[in-house]
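> Model the full structure from these sequences, guided by the hints.
Just so you know, our numbering puts 1194 at position 96 of the sequence shown, and the rest follows in order with no gaps.
Derived from the structure by calculation, the hints contain no laboratory data. Note that the Cβ used here is the ideal one computed from N, Cα and C, for glycine as well. Errors might be hidden in some of the hints.
[Claimed, not checked] DEER-style ranges, computed between Cβ atoms:
| id | residue 1 | residue 2 | range |
| --- | --- | --- | --- |
| 1 | 1185 | 1142 | 35 to 45 Å |
| 2 | 1156 | 1219 | 38 to 48 Å |
| 3 | 1195 | 1242 | 16 to 26 Å |
| 4 | 1136 | 1173 | 20 to 30 Å |
| 5 | 1212 | 1139 | 37 to 47 Å |
| 6 | 1123 | 1177 | 19 to 29 Å |
| 7 | 1177 | 1156 | 18 to 28 Å |
[What the hints assert, rightly or not] Derived DSS-like pairs: lysine-lysine, alpha-carbon spacing no greater than 30 Å straight-line:
| id | residue 1 | residue 2 |
| --- | --- | --- |
| 8 | 1238 | 1128 |
| 9 | 1238 | 1188 |
| 10 | 1130 | 1110 |
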Amino acid sequence: MCVFHCEFTLDKDYFRECFDQSLPYSNVSKPKYALVAFLFVLGCVAIYGLDNAYLGNFLILLAVLECIAHYYRRPWWVARQMVTRASGSKITLQIDAQGITATNPYKSYQILWSEVNKVAETQLGVVLVRAGTNQYISKKALSAEALEFILSKKNSHD
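This is the structure in structure tokens:
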């Protein structure tokens, strides 16, 4: 039975890499053009059709806020991760035939291979695509053997 142990630190660089590499597999990767257009049109209808400038301006500002939120989603996500108590802690991964167990001083969790829908290799790491949430692991944290073992699971889930 193959068992691999890896360690890495949750720092700002890791969080940035995590966001960038897992973004294509996320449901927030594309801007919500339809929502922005809908809010803008509703705002115009409220201003010109209902003669309610307050409601119209509010809806148009919501559309602008949605654009800003999409533009700044990376720094906002990284900042939220940096204020968690896990930030700066060392993560220990144990990779075996059952799955991956991650442990830090505050939390421990396990991802079973049966829960993984897809193993996607990126330029800098691997993304374990699961229902509900994805998990990114940087290649910097993995030994060559551990990376090969994880990627061998790719064939069983494609």
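> Hint by hint, say whether it matches the structure.
Evaluated hints:
{"no.": "1", "hint": "1185 to 1142: 35 to 45 Å", "result": "holds, 43 Å"}
{"no.": "2", "hint": "1156 to 1219: 38 to 48 Å", "result": "holds, 45 Å"}
{"no.": "3", "hint": "1195 to 1242: 16 to 26 Å", "result": "holds, 19 Å"}
{"no.": "4", "hint": "1136 to 1173: 20 to 30 Å", "result": "holds, 26 Å"}
{"no.": "5", "hint": "1212 to 1139: 37 to 47 Å", "result": "holds, 45 Å"}
{"no.": "6", "hint": "1123 to 1177: 19 to 29 Å", "result": "holds, 22 Å"}
{"no.": "7", "hint": "1177 to 1156: 18 to 28 Å", "result": "holds, 26 Å"}
{"no.": "8", "hint": "1238 to 1128", "result": "holds, 28 Å"}
{"no.": "9", "hint": "1238 to 1188", "result": "holds, 14 Å"}
{"no.": "10", "hint": "1130 to 1110", "result": "holds, 27 Å"}
Every hint from the earlier list agrees with this structure, and none is contradicted.
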